[in-house]
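Top line first, the protein sequences correspond to chains A and B.
Residue numbers for the first sequence follow the working numbering, so the first one is 1 and each next one is one higher.
Residue numbers for the second sequence follow the working numbering, so the first one is 1001 and each next one is one higher.
Hints in this document: simulated from the structure, not taken from any laboratory.
Keep in mind that the hints are not guaranteed to be accurate.
20 Å max Cα-Cα, derived SDA-like pairs, lysine to any residue [as the list claims (entries may be wrong)]: (1) A:LYS547 x B:ASP1062; (2) A:LYS120 x A:THR426; (3) B:LYS1018 x B:TRP1109; (4) B:LYS1312 x B:GLU1267; (5) B:LYS1185 x A:LYS120; (6) B:LYS1052 x A:SER166; (7) B:LYS1185 x B:TRP1109; (8) B:LYS1298 x B:VAL1220; (9) B:LYS1248 x B:LYS1193; (10) B:LYS1248 x B:TYR1285; (11) B:LYS1108 x A:TYR468; (12) A:LYS547 x B:ASN1123; (13) B:LYS1193 x B:LYS1203; (14) B:LYS1185 x A:GLY154; (15) B:LYS1253 x B:LYS1204; (16) B:LYS1108 x A:ASP80; (17) B:LYS1189 x A:LYS120; (18) B:LYS1050 x A:ASN356; (19) B:LYS1189 x A:ASN356.
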Amino acid sequence: MADVIASPGLTTTGQPAPRKNYLNAEKGIWSWMTTVDHKRIGVMYLASVMAAFGLGGFFALVVRLYLLTPGHELMKGLMDSESYNRAFTMHGAVMVFLFIIPSVPAALGNFVLPLMLGAKDVAFPRLNLASYYLYVTGAIMAVIVLVQGAVDTGWTFYTPYSTTTSGPVTWMTMAAFVLGFSSIFTGINFIATVHKLRAPGMGWFDMPLFVWGIYATAIIQVLATPVLGITLVLLAIERSFQIGIFDSRIGGDPVLFQHFFWFYSHPAVYIMILPGMAIISEIIPTFSRKVIFGYRSIAFSSLAIALISFIVWGHHMFVSGQSQLATVVFSFITFLVAIPSGIKVFNWVATMWRGNISLETPMLYAISFLLLFTIGGLTGIFLGALATDVHLTDTYFVVAHFHYVMMGGTVIAFIGGLHYWWPKMTGRMYNEKLGAIACALIFIGFNVTFMSQFFLGSLGMPRRYANYLQQFQPLHAFSTFGSWILAAGFLLILGYLWASLRSGPLAPDNPWGGTTLEWKTQSPPITFNFEDQPIVTEGPYDYRPGKASV
Amino acid sequence: MSWFRDIMLPAQGSEYSKQVDDLYMFLVWLSVFFFVLIGGLIIYSVVKWKYKPGVVTPHITDHVGLELTWSVLPLIICIGIFFWGLNGYMQYSVAPGDSLEIQVSGRKWSWAFEYPDGTRSLNEAHIPSHRNVKFVITSEDVLHDFFVPTMRVKHDAIPNRYVSVWFNATVEGEHMVTCAEYCGKDHSKMQAKLIIESDEKYKKWLETGGDEWKNYPPEVWGKMQWEAKGCNSCHTLDGSKNQGPTWKGIWGKTEKFVDGGSAVVDENYITESIYQPQAHIVQGYEPVMPTFQGLVKKNDLNGLIALIKSLK
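Please work from the sequences and hints to get the whole structure.
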């Protein structure tokens, strides 16, 4: 694909001398804290979002454990419905703002995007570092909220509950505000990088599809996140000074808050899922050793999803009291989102068709993604259709649906991407067999946890309930049991990745036979990525003999 | 396949709920079809084209016909589903004009109901079957959500606003209202019973207020009504002054009226004062009391009389 002079490869015999790379170029904590290298910032983001995932996951396990039985025998005295409300709020807020939004773009995207473009770094390296420090600031604020006893508003902060309840709600909104700016900075940086720093010869349609996905995400980040910032500031002002924006007793409108909130948070759903889709578009051609099917329709469907995402927010509000005409219009537009998402799935399957498919760990995650995201997408139709949504909204059905999209989709893709680029990032391989076992545990655990919740929701179990009727107990117990399988899978990953860092076999430059530019430099890359400027002459994913370097 | 529906969905309480379920079950089968299709293609590909070294894959970059098929076909299906969902939503949104209207108020953490005749109840509503019943819903504090799973209807309860849902219940028995919008500590306990019963039983309940009074001594029941019906906002039990005369020591007293007449406080006088408060106004008080006709049932009245008798 590209005319690259790769760095000298490893010799297979003896102990190779450690090559100069971005990890060992400079030593000491200070060199990390002041780095403007996109790869180091990506690695710092990666460590941070994984810590956030651990924290959010801890709350998830607590919530599931509490719901094991309606009498809460296991956690008597440890937890009551008030602390339960705080636990599910912190689970949601930490997972959304501290983990899933920055997970793929800021961690993996930061590392991979400039490499894929054949660039030395992102367009604004200092802004990149500033984004990371804003993230850390927001994370510290969130931890302060935890120490102060956490908040019980739900991650959605619906008024007037959020303006009247006690607890450090203002702190929490300000944490999300700061994290929002971190996200905006990353978005601006990526847009500029994609526009200005593509390698010579790389046209828009020669870019890897990962870049298209991250680019579409960045557009949403820059356009939608300010609305969240404004909304949260208004909420904080309302809470402190009672000026009557959202409080109906003094002339405000609580439904207005929901409009503002979802105007950001619906596009944010696509900030979460588009990067996941972007990773899948890389993994599937690599492990099928076949050109991606329908490159342009995948690229354009990313943009289409990004644009439509701005005009469907009202589908979160079908029974909220918004105008009934608006409800009907939002339902119709919502169905339009199904089309580009469907196109992507069919294109990925068509890419595998007549491929030469091997099932290394990243591919196992990609296949898991396809299956789980398909369920997530199809159950979205139940919620887009008005008559069924009225019954299912605000129940466990919604909880199950968005976990299939957010966790079965984005988190699975994130872990797939982590395994895919792990050799490039660390220069080490991990244990392939343990990787497959962990993937199986997560796939099974996930379905046990959340498939049962589709049944709970359909049967009329509302979400955010600390207590429930005895009749729901078996399904709740099933779900809780699944959460333990999931936890085992994640702990296994943590274990073998740790072992890989310490003593994993050294990784070759291109372990999977990938065709995009990041595989044309050494593992791990040098500080400025490439020894020489790559020149691009063809599009990506070309597996014809003599074209690819496999 | 009704057993399949029964494990997925709550009991059907109305004709409307059957229509919602038809769409739901259609979507279940549609989802199963597409999941099997996509899952099948993936498994087939993985098995059939398992990795072999040296295999060269075909260079197929796109296929306009195929891509149009999987864009246009889902679009047509989606538009069809949209109209199917819209059809149900139109029914859900527009209550028939002849509906019995019941006011519902959500507050932390209970549901209060009020009937056209002034009857009020808490966390329990009696509903006649085979009749269009419209609930006009509001909230006294934060957002709540009036959710009746067996009727497949729900709507957020919003402070200072009125919204409505309606249904025509066909299955008698105990149904449930459950709050579906997060509202704090006891969100999950914010439930009310809907007793769907024959028109006859419903009318009897409206008239008598049910049988709960039998569980209490009359003066205790009377004191509960003093609070529940709002007597306590104007009448005290301890002799202190308020908008209306205190009830302490009033039994057997002779009240002087602004029109010059007078009467001894007995059963007849108390009954008149509750049901026709404007008939005689006691000297020194404003004519502000509304009638409690419909709200204070016969049993409640007996309780209130017993309470007043006991306050010597």
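A quick look at each hint next to the structure:
no. : hint                  : in the structure
1   : A:LYS547 x B:ASP1062  : holds, 19 Å
2   : A:LYS120 x A:THR426   : holds, 18 Å
3   : B:LYS1018 x B:TRP1109 : violated, 30 Å
4   : B:LYS1312 x B:GLU1267 : holds, 15 Å
5   : B:LYS1185 x A:LYS120  : violated, 53 Å
6   : B:LYS1052 x A:SER166  : violated, 63 Å
7   : B:LYS1185 x B:TRP1109 : holds, 9 Å
8   : B:LYS1298 x B:VAL1220 : holds, 15 Å
9   : B:LYS1248 x B:LYS1193 : violated, 36 Å
10  : B:LYS1248 x B:TYR1285 : holds, 17 Å
11  : B:LYS1108 x A:TYR468  : holds, 18 Å
12  : A:LYS547 x B:ASN1123  : violated, 73 Å
13  : B:LYS1193 x B:LYS1203 : holds, 17 Å
14  : B:LYS1185 x A:GLY154  : holds, 12 Å
15  : B:LYS1253 x B:LYS1204 : violated, 35 Å
16  : B:LYS1108 x A:ASP80   : holds, 17 Å
17  : B:LYS1189 x A:LYS120  : violated, 58 Å
18  : B:LYS1050 x A:ASN356  : holds, 6 Å
19  : B:LYS1189 x A:ASN356  : violated, 56 Å
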